[in-house]
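2 protein chains.
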Amino acid sequence: MLYLDDLKIGDRFISETYAITDENIIAFAEHYDPQPFHLSDTAAKESFFGGLAASGWQVGSITMRLIAHSFPVASGIIGGGVDLRWLTPTRPGDILHVETEILEVIPSKSKPDRGVVKIHAKTINQHGETRQTFDSSLLVFRASAGIKGGIFAPS
Amino acid sequence: MLYLDDLKIGDRFISETYAITDENIIAFAEHYDPQPFHLSDTAAKESFFGGLAASGWQVGSITMRLIAHSFPVASGIIGGGVDLRWLTPTRPGDILHVETEILEVIPSKSKPDRGVVKIHAKTINQHGETRQTFDSSLLVFRASAGIKGGIFAPS
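So the sequence lines, in the order shown, correspond to chains L and P.
Everything in the first sequence is counted per this note's numbering, starting at 62 for the first residue and increasing by one.
Everything in the second sequence is counted per this note's numbering, starting at 62 for the first residue and increasing by one.
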């Protein structure tokens, strides 16, 4: 488990993989993004995407899962926001993984038990194509704060 | 169904509502954001959130659903990215709706069948508290392009 003082600029964390299928694209889209290009390959052929494409929200949510499992911050992954860019459509057959890099570590001046950590995460398929970039500023605590929340924390 | 020429600065679209429950917070988190503060109210009490909170990715995905149903762009909601800010935690009992506003309409100079539409969407609960803001630039087509993809399009 990692605390603020364990993180430094340039540290990188590589996730496991997640397979994209027609079935999981359609299941996610039926509930969260019910547009023809995410629901039917036939309908998607008449659309801008030219074939079935995953919702960007599915890609973002899968990225969160992969980061939670590969970047074990003791207090959890707590972000006030995120800047997402979908560079290329995510397609059935993609095997995604995430590479997370630490860009900055900024201890708080007013609250000594915490700091902000800026990360840049790329979601990449098995052919090395970057499907999404993800930039976020995380709130990370020192061990002394006694805050729990990371995936591996006892609860 | 709306095309590029139907949209103008200041147009607003109000969605239906979506109820947040312990059950849907936990179900989303189990798959996409398995951290104690999204999985267990007891564990969340020891965390930064002080009680069960929805994953920001659940809030973003629900926002997409509500926008897809309330902002009927004929070619679909196609964004190259999004800037999300989670202003306050989303909690069990929240009844969310989304208010989408058009900030800019920029016809393409090189491709006369399309343009970019900048939107700002707020996700708000029943007490008027803004849980999330969402800024995105959408690719929107003119009717002449013949592109389909919106939720109400025949497919």
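Keep in mind that the hints are not guaranteed to be accurate.
Stated by the list, open to error - Straight line, CA to CA, 30 Å or less: simulated DSS-like cross-link-like pairs of lysine-lysine:
| no. | chain 1 | residue 1 | chain 2 | residue 2 |
| --- | --- | --- | --- | --- |
| 1 | L | K183 | P | K183 |
| 2 | L | K69 | P | K106 |
| 3 | L | K183 | L | K69 |
| 4 | L | K106 | P | K106 |
| 5 | P | K183 | L | K179 |
| 6 | P | K172 | L | K170 |
| 7 | P | K179 | L | K183 |
| 8 | L | K179 | P | K179 |
| 9 | P | K179 | L | K106 |
| 10 | L | K106 | L | K170 |
| 11 | L | K179 | P | K172 |
| 12 | L | K106 | L | K179 |
Unchecked claim - Simulated DEER-style distance windows between Cβ atoms:
| no. | chain 1 | residue 1 | chain 2 | residue 2 | range |
| --- | --- | --- | --- | --- | --- |
| 13 | P | A88 | L | G112 | 40 to 50 Å |
| 14 | L | P173 | P | K170 | 36 to 46 Å |
| 15 | L | P168 | P | K170 | 23 to 33 Å |
| 16 | P | T103 | L | S169 | 50 to 60 Å |
Claimed, not checked - Covered stretches of chain L, going by a simulated chain P footprint (3 or more residues, C-beta under 8 Å):
| no. | stretch |
| --- | --- |
| 17 | 76–85 |
| 18 | 123–129 |
| 19 | 152–162 |
| 20 | 177–191 |
No lab work stands behind these hints, which were simulated from the structure alone.
C-beta: ideal position from N, C-alpha, C; glycine also.
Verification of the supplied hints:
1. L:K183 x P:K183: holds (27 Å)
2. L:K69 x P:K106: holds (29 Å)
3. L:K183 x L:K69: Holds, at about 18 Å.
4. L:K106 x P:K106: Not satisfied, since the Cα-Cα distance of roughly 48 Å exceeds 30 Å.
5. P:K183 x L:K179: The given pair, whose Cα atoms are some 24 Å apart, holds under the 30 Å limit.
6. P:K172 x L:K170: violated (50 Å)
7. P:K179 x L:K183: Judged against 30 Å, a Cα distance of about 24 Å means the pair holds.
8. L:K179 x P:K179: The hint holds at about 26 Å.
9. P:K179 x L:K106: holds (26 Å)
10. L:K106 x L:K170: Cα-Cα ~54 Å, so violated.
11. L:K179 x P:K172: Roughly 37 Å between the alpha carbons, so the hint for K179 (chain L) and K172 (chain P) is violated.
12. L:K106 x L:K179: violated (39 Å)
13. P:A88 x L:G112: 40 to 50 Å: violated (30 Å)
14. L:P173 x P:K170: 36 to 46 Å: At 52 Å between Cβs, range violated.
15. L:P168 x P:K170: 23 to 33 Å: The hinted range 23 to 33 Å is violated for P168 (chain L) and K170 (chain P), with Cβ atoms some 46 Å apart.
16. P:T103 x L:S169: 50 to 60 Å: violated (28 Å)
17. 76–85: As far as the stretch 76–85 of chain L goes, the hint is violated, because 0 residues have Cβ atoms under 8 Å from chain P.
18. 123–129: Contact hint for the stretch 123–129 of chain L vs chain P: holds, 4 residues under 8 Å.
19. 152–162: violated (count 0)
20. 177–191: violated (count 0)
Hints 4, 6, 10, 11, 12, 13, 14, 15, 16, 17, 19, 20, counting from the list given before, are not met by this structure.
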